[in-house]
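S.K.: Protein chains in written order, with our numbering: chain U, 2 to 251; chain E, 36 to 326; chain C, 18 to 340; chain L, 135 to 457.
A few of these clues could be false.
To be verified - Some chain L residues judged to face chain U by a derived CB distance under 7 Å, without partners named:
(1) Phe165
(2) Thr205
(3) Asp222
(4) Arg223
(5) Leu231
(6) Gln234
(7) Gly254
(8) Val258
(9) Ala261
(10) Ala265
Simulated from the structure, these hints should not be mistaken for lab results.
Note that beta-carbon positions come from the ideal geometry of N, C-alpha and C, so glycine has one too.
Listed below, chain by chain, are the residues.
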Amino acid sequence: MSVVDRPAARRPVAPTAAVALAYGVVLRQLLGRGRIIGLSALALIAPVSGWALGSADASLDDAVNLVAGIGLGLVLPVVALVFAGASIGDLREDKTLVYLWLRPIDRWPVVVGAALAAVTIAAPITIVPVVVAALLTGAGNGIVAGTLVATIVGLVGYVGVFTLFGVWLKRFIVWGLAYILIWEGFIAQAGAGVARVALRKYTRSILVDRTGADLDLADFPLAVGVIVPVVVAVVALAVASWRLGSQDVD
Amino acid sequence: MSGRGDAQIAERGFQRYEGRRSGVAGAVRSVAWESIRSTIGLGRPARYKIFPVIAVVIAYLPAIVFIGIAVLIPGDILEPEEVADYASYYGFIILAIVLFSALVAPEVLVSDRRNGMLAMYLSTPLHRGTYLAAKAIAVASTLGLVTLGPPLLLLVGYTVEGEGPDGIANWLLVLLRIMLAGVAISAPLAALSMAASSLTDRRAFAAIGIVLLILASPILAGALVEGAELSPNWRLLDVSTMPFELVFRIFAQPGNFPELATLPVVLVNVGWVAGGLAVVWWRYSRLVIAR
Amino acid sequence: MQFPGTRALDQLDVVVPSGVTGLVGANGAGKTTLISLTLGLLQPTSGSIRVLGRDPGRDGPELRALIGYGPERNVFPDDLRAYDYVRHLAEVKGLPRDEARSRASDSLYLVGLGEERFRALGTMSTGQRQRVKLAQAIAADPRLIVLDEPTDGLDPVQRDEMLSIIVQVNRSFGIDVVLSSHVLEEVERVCDQVVALSEGTLVAQGTLDELAGSAGGVELELVDIPDRPHSVAEVQRRLVGAGATVRRNGTVLSAGGLTDDELLDLAARAVADSGARLRRLGRHRRSLDDIFAEPVAAAPGQLGDEPPREPPYRSPVGAGGDS
Amino acid sequence: MSELPPPTLATAAVPIEPLTGMLVVDHVSKFFGSVVAVSDVTFAIDEGVTALLGPNGAGKSTLFRMLCGLTPPSRGAVSVLGADPRNDREVRGRISLVPQQDALFDHLSASDFLELAARGHGVVDHAGAAARALHVVDLADVGAKPVGQFSKGMRQRVKVAAALVNDPEVLILDEPLTGLDPVQRRHMIALFHRLGDEGRCVVVSSHVLDEVARIGSRVLVIAQGRLIARGDYRDLRELMDDRAHRIRVGCSDPRRLAAALVERGVAAGVSVDGHQVMVDTLDADAFGRSIADLAVELGVRLTEVHPLDDDLESVFRYLVEGR
Numbered sequence: 002m003s004v005v006d007r008p009a010a011r012r013p014v015a016p017t018a019a020v021a022l023a024y025g026v027v028l029r030q031l032l033g034r035g036r037i038i039g040l041s042a043l044a045l046i047a048p049v050s051g052w053a054l055g056s057a058d059a060s061l062d063d064a065v066n067l068v069a070g071i072g073l074g075l076v077l078p079v080v081a082l083v084f085a086g087a088s089i090g091d092l093r094e095d096k097t098l099v100y101l102w103l104r105p106i107d108r109w110p111v112v113v114g115a116a117l118a119a120v121t122i123a124a125p126i127t128i129v130p131v132v133v134a135a136l137l138t139g140a141g142n143g144i145v146a147g148t149l150v151a152t153i154v155g156l157v158g159y160v161g162v163f164t165l166f167g168v169w170l171k172r173f174i175v176w177g178l179a180y181i182l183i184w185e186g187f188i189a190q191a192g193a194g195v196a197r198v199a200l201r202k203y204t205r206s207i208l209v210d211r212t213g214a215d216l217d218l219a220d221f222p223l224a225v226g227v228i229v230p231v232v233v234a235v236v237a238l239a240v241a242s243w244r245l246g247s248q249d250v251d
Numbered sequence: 036m037s038g039r040g041d042a043q044i045a046e047r048g049f050q051r052y053e054g055r056r057s058g059v060a061g062a063v064r065s066v067a068w069e070s071i072r073s074t075i076g077l078g079r080p081a082r083y084k085i086f087p088v089i090a091v092v093i094a095y096l097p098a099i100v101f102i103g104i105a106v107l108i109p110g111d112i113l114e115p116e117e118v119a120d121y122a123s124y125y126g127f128i129i130l131a132i133v134l135f136s137a138l139v140a141p142e143v144l145v146s147d148r149r150n151g152m153l154a155m156y157l158s159t160p161l162h163r164g165t166y167l168a169a170k171a172i173a174v175a176s177t178l179g180l181v182t183l184g185p186p187l188l189l190l191v192g193y194t195v196e197g198e199g200p201d202g203i204a205n206w207l208l209v210l211l212r213i214m215l216a217g218v219a220i221s222a223p224l225a226a227l228s229m230a231a232s233s234l235t236d237r238r239a240f241a242a243i244g245i246v247l248l249i250l251a252s253p254i255l256a257g258a259l260v261e262g263a264e265l266s267p268n269w270r271l272l273d274v275s276t277m278p279f280e281l282v283f284r285i286f287a288q289p290g291n292f293p294e295l296a297t298l299p300v301v302l303v304n305v306g307w308v309a310g311g312l313a314v315v316w317w318r319y320s321r322l323v324i325a326r
Numbered sequence: 018m019q020f021p022g023t024r025a026l027d028q029l030d031v032v033v034p035s036g037v038t039g040l041v042g043a044n045g046a047g048k049t050t051l052i053s054l055t056l057g058l059l060q061p062t063s064g065s066i067r068v069l070g071r072d073p074g075r076d077g078p079e080l081r082a083l084i085g086y087g088p089e090r091n092v093f094p095d096d097l098r099a100y101d102y103v104r105h106l107a108e109v110k111g112l113p114r115d116e117a118r119s120r121a122s123d124s125l126y127l128v129g130l131g132e133e134r135f136r137a138l139g140t141m142s143t144g145q146r147q148r149v150k151l152a153q154a155i156a157a158d159p160r161l162i163v164l165d166e167p168t169d170g171l172d173p174v175q176r177d178e179m180l181s182i183i184v185q186v187n188r189s190f191g192i193d194v195v196l197s198s199h200v201l202e203e204v205e206r207v208c209d210q211v212v213a214l215s216e217g218t219l220v221a222q223g224t225l226d227e228l229a230g231s232a233g234g235v236e237l238e239l240v241d242i243p244d245r246p247h248s249v250a251e252v253q254r255r256l257v258g259a260g261a262t263v264r265r266n267g268t269v270l271s272a273g274g275l276t277d278d279e280l281l282d283l284a285a286r287a288v289a290d291s292g293a294r295l296r297r298l299g300r301h302r303r304s305l306d307d308i309f310a311e312p313v314a315a316a317p318g319q320l321g322d323e324p325p326r327e328p329p330y331r332s333p334v335g336a337g338g339d340s
Numbered sequence: 135m136s137e138l139p140p141p142t143l144a145t146a147a148v149p150i151e152p153l154t155g156m157l158v159v160d161h162v163s164k165f166f167g168s169v170v171a172v173s174d175v176t177f178a179i180d181e182g183v184t185a186l187l188g189p190n191g192a193g194k195s196t197l198f199r200m201l202c203g204l205t206p207p208s209r210g211a212v213s214v215l216g217a218d219p220r221n222d223r224e225v226r227g228r229i230s231l232v233p234q235q236d237a238l239f240d241h242l243s244a245s246d247f248l249e250l251a252a253r254g255h256g257v258v259d260h261a262g263a264a265a266r267a268l269h270v271v272d273l274a275d276v277g278a279k280p281v282g283q284f285s286k287g288m289r290q291r292v293k294v295a296a297a298l299v300n301d302p303e304v305l306i307l308d309e310p311l312t313g314l315d316p317v318q319r320r321h322m323i324a325l326f327h328r329l330g331d332e333g334r335c336v337v338v339s340s341h342v343l344d345e346v347a348r349i350g351s352r353v354l355v356i357a358q359g360r361l362i363a364r365g366d367y368r369d370l371r372e373l374m375d376d377r378a379h380r381i382r383v384g385c386s387d388p389r390r391l392a393a394a395l396v397e398r399g400v401a402a403g404v405s406v407d408g409h410q411v412m413v414d415t416l417d418a419d420a421f422g423r424s425i426a427d428l429a430v431e432l433g434v435r436l437t438e439v440h441p442l443d444d445d446l447e448s449v450f451r452y453l454v455e456g457r
């Protein structure tokens, strides 16, 4: 009895189905034990330092500084990099991308599915610990709500950008770290103009807007702070989809 | 045999080797040496030499500077404590040590699993235990390059300048302490970086893991002890400070955390070493080697 | 030999004499397990094994210094030079540094990679890397080399060259070879004797003549020729008429029922009388393929009737090249 | 064998009429920097099985990747079922590729992996298609096991199964036989044969030439990026009329037979060795028709007539020699 006896009836694949397909595969691919344990341990720093700060009843500015520094500046981008970068990056490195590429489906659902998988795994390891950290600082005054919005928007922005890194660059981890530590860490501090091209400025602006604390490099209005990262993410995924269609696949 | 390949047989034919074979000891020695060579980039393209060179420069520069000071400024004007003593020297080169420990173990352990060398090694007189021993020696001695070398250079420089410890007995005591200090720092970092390198098959992740562990643990310990005012013993969790704390105790100095007794500091370091090696052994004994 | 849940080898009695021995068997038949046992990397759950007169379990390290091994996987450290790869592994097998250095170059010359020996492995073709693997196996002057599918991934021209080198390693260097392969024609062409495994049991062992000897009957292949469209049918008719039983498969006729000599004469006469065009004629030989197609439980005369012979240990001094 | 330069064959003449076929490659070249991987290749393939042969590094995999659109040609155009696979989403549903590299989603089970492939192609009954595909490559009993734990042979069969779930019209198989043992290879070849007979265009590359010969006789031979031969390999052998056919003849009186062959003008050269005669003839047809007559006439018993160099492997070696 051969598979070819009854030709397989086929129907065009709906974009949503294609997104779900990519989402399923990438999600299980990212669920590597080592990675999740390692990054969860990293993310623990945020709540622990928040709790430490809280028990020493620090001021609002200290709390916002802590959340912005460790939460939005370290835990969020690094975790987003590892998962969003690997969403397509691992498939390229392992040479399994052909099993999603050589299909009668467009390129963008594959990219979107992969990004969604990255968000699904990164969210609990970024939003939860950072918001809990804000809670533990006990600084109140809307810091928790501000942190929640900032981390969600930040996650969307970072996942979008780093998915593009994973599609385009072979050593996406190194370039991603360079962006986080060097670009956002040093250069963006230099001037307002340059900072405009760093996601960190937008997440900090959201936090400052909700809490009223004063924080350098955080002077965008809430609307800009929320909308720009999302737009950046959409544009990044569009570029990633174009790139996925036009580059060589091993 | 109709095959008329282009394989020419050198007329000399094939010599038999009747000499002595150095057995497992020789195998461990050559694997350790080959790992050291490849980590510091010997016999490899230039780009592999960048990081090791940077690390070594960072590690030895302060020593050279201090010796320079001792040379240029006559002894009487300078009070001894202004010249950095050996124990606090490490404070200057932490970055080099961190950089090196994040670089060495992933290079030495992870690449063998990905490029088929591990399968080859296990078909030689080595087995998993002796292989890991060789790799541990390689990692520790490469780390020794930045943890043992600089203070020794310092000692030699000072001695030549007459600033060194007076009397042979004292000189040997300082030498012994430097050796112990080198081991106190290299052993835990080697064990922990090897553990990280056996948990993931991607070198970049192992390196990130080691760096984050070294950067994160002081923050964690600091938060627990200062923030939450828990007992100072929580400080012992700080994997990147405790080895240096032990160095102070080796040099009979109070160190940064005098409230901690020396014994717990020693024990925690031994604990990190044992724990790291246990993780490595657990992973490698369960590893299925694809022939 | 038992893995958790699977019996990899089952009451295996096999004696591998010196020379080039082919190890054949389906995937999962136990070849790799047998190789691991030989290298002392696995311990038998029951029974005993002796290699080169030593027990792999007890003195594994010493034995592994005397055995060259070429694994099946084609994975290499890309930026290591071929020369360093071979020299290093020779050192790990106990050779002193300068001996390892000279023998590394010699071995790479012997496998035809003299000029390329300082090139990085990553820049080499599959064929060249397979030869580096062989050079590494012979560099430390082993008594025995075990090669797991040495011609995997090679094209026919490269495969010929590799096989001729392997035979030379045995004939002129006096190193015994055990090679496993899935290409049976290769094994038939190169090996002195064959060990065939199936599901962990020994299916057949012996020299090629013993295994692939003639099996009775004659086979002839004709060619359809336009000017005599029914020549094949005519030859078949004549053969049947003369008392032979004939099976036809396209233009190939398999004749039986009579002695080989009678069949050969009948065939020649039938072809001549029908004016057919003969392409191939010969006694029907059982090939390893046939053994593989239907593994015979214990064909008479194949399983060692006589008690397993102690392998003639080729003392390093005495034997020399006796090809 | 005279060292004549390999024959320049019909491909040199550029076909004028537009190429038609399920798979058309029109003056395609591919450069990686200064390296010319594929240089000005033109051919068209229709249904049935076509073997793509060539030494390692000849450009086979690059050509295959261009056929599936995984990489664009630097010059010329590829069209599969009339469309460009790289940009036409719909045609990608009618093509299947078995890639050469051994990469799979190790964490998925075999049936999950096949179901993923089926859904990706929009197969309505994806579970059924996955189950059927598993059955065809006889992996039905290990469908639930994760692919990461499969042996090389099993992984290869999963890859082939994944290429069947969408009932493709064009199947491109890059060395599908590697890692399979003879029995598995036989099943796989029968499968390719059946797929070809069903009107699909199946292109297979492999180095195991005597197995490929069983799949089909139509070959494309590529060397150093150029298409150097195309057509049925037996015709190609006939086209090499400047290269004598070498035939081994065993008989009871080789000397007399050899003399008669030369005297009859059928053999260009003979050499007698023991009971065998090595015959070199430029006219294989004449030889085939007269060898039986001569043997009967002289009363000599023919024990063997065995052509040594008209199998696919010899054709391959002659074409690729020195390239």
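S.K.: Which constraints among the numbered hints does this structure fail? Numbers only, ascending.
M.R.: 1, 3, 6, 9 and 10
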